[in-house]
Amino acid sequence: MFFARFFPPKFTANVVAVMLLVGLTAPCGVRAVGLPQSSASQADQAKEAWQKEFDAVRSKTQDAMTFSEDELTELIRRCDALLPQIEKLDESRRKVYLGRLAKCRGLYAYVLEAKKNEKK
Amino acid sequence: MKRNERGLLLLMLVCGILFLVNAAKAQVYLPKAPPEPSEYGKVILDTYSAAGPGGVVFDHWLHRSMFTCRVCHVDVGFAMQAKATGIRASTNREGFHCGACHDGKKLYEGKPIFPACSDAVSGSDKQCDRCHSLGKKGVRKYEYKDFVAKLPKDMYGVNWQVAEQSGAIKPLDFVEGISVKKPAMKSREDFFVKSGYSWVHPIAFSHEKHVIWNGCELCHPEIFPTAQKGTTHYSMFYNIEGRYCGACHGKVAFPLNYCRGCHGNGPLWAP
Chain R
64 MFFARFFPPK FTANVVAVML LVGLTAPCGV RAVGLPQSSA SQADQAKEAW
114 QKEFDAVRSK TQDAMTFSED ELTELIRRCD ALLPQIEKLD ESRRKVYLGR
164 LAKCRGLYAY VLEAKKNEKK
Chain W
35 MKRNERGLLL LMLVCGILFL VNAAKAQVYL PKAPPEPSEY GKVILDTYSA
85 AGPGGVVFDH WLHRSMFTCR VCHVDVGFAM QAKATGIRAS TNREGFHCGA
135 CHDGKKLYEG KPIFPACSDA VSGSDKQCDR CHSLGKKGVR KYEYKDFVAK
185 LPKDMYGVNW QVAEQSGAIK PLDFVEGISV KKPAMKSRED FFVKSGYSWV
235 HPIAFSHEKH VIWNGCELCH PEIFPTAQKG TTHYSMFYNI EGRYCGACHG
285 KVAFPLNYCR GCHGNGPLWA P
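Chains R and W, in that order, give the protein sequences.
Residues are numbered in the numbering used here as their position in the first sequence, beginning at 1, plus a constant of 63.
Residues are numbered in the numbering used here as their position in the second sequence, beginning at 1, plus a constant of 34.
One should not assume that every hint holds.
What the hints assert, rightly or not - Incomplete in silico selection of chain R near chain W, CB under 7 Å: (1) 124; (2) 125; (3) 162; (4) 166; (5) 180.
Hints listed in this document are in silico derivations from the structure and should not be mistaken for laboratory results.
In this text, a Cβ means the ideal position worked out from N, Cα and C, and glycines have one as well.
Turn these sequences into a full structure, and let the hints steer you where they fit.
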């Protein structure tokens, strides 16, 4: 071994032990040192959370006619709940996402109204 | 000629003139003849770019052969009205509007779609001219005549409905990162819209044909807002003004002059 030629075996063992210790504690250290990255990651997760909800709500437009009035009301409520999140975005993102949301919410409201009219 | 006959002749002449004047006024409400198929659906985007790299020429015929109307006007968010979208080079770079697909990374038929308004190209680069082509000759990659050569035609250019049904084109309804996966829509029933005139056939409206291109939310509620049957009076006058069917027909979808496209056999004299 390379170390054995120049250093006594006890020293080599210590070096290996220290290196192992440093190696094992590194992930914890990165986590501890990298707090800003962690909060950025949390922000990404938060962003993803509303986007996931947004995608979940707008993925049902093709089935709008099959939903009950209660289900449609709930979908409209979920659209409205997304509005404050989208309002916080920067100008170009806000405009695009508001447009998408308006189309989605508009359709659910339209179908709900049609269903109510059918009953009359 | 007797005096009574002269009076009658004069009356007939006045009636004739009145008829012609009214007929001329009525002409205003007839659909304008559509432009050449290569020009049909052409949109010039020059709100912000006219002073810079020049106006963008957007041809619907090129993009609708690849994508549904819904992808661009719902998922990506292009407004149906002129100058309402607010497209800028910066929004394209951020991955919105044209940049939603034209980012240099997304693939179409295995090839990357060239980036729109990329920082990597200078203003004099020929790549800018692919879109900013207003008034520039020979800079476009695709020419109408060659591009549509193999597509089915009717009297007003490409018959997009037949092209889609026959599989000649396969417009995508999904863009990665923009669209969401949806189940196929359970087809809505077709219905008839009665005509206000005995000499015009009723409209056989096919939800199925329209949903393929538009989904639901492109038409409802923005274009057809009324959810109660029989409460809206649809008229060709409104269509010509760009409302209801006229939001697409007469601009991008087959023109309003093609009566038989909607009214079955149409009036006898109609194309």
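Holds or violated: is there a CB of chain W closer than 7 Å to the CB of residue 162 (chain R)?
holds (4 Å)
Per-residue hint verdict: residue 124 (chain R), partner chain W, C-beta under 7 Å:
holds (5 Å)
Chain W contact restraint on residue 180 (chain R) - CB to CB distance below 7 Å:
holds (4 Å)
With a cut-off of 7 Å on the beta carbons, see whether residue 125 (chain R) makes it to chain W.
holds (4 Å)
Status of the hint placing residue 166 (chain R) at chain W (closest C-beta pair under 7 Å)
holds (4 Å)
Going through the hint list in order, the structure satisfies each hint without exception.
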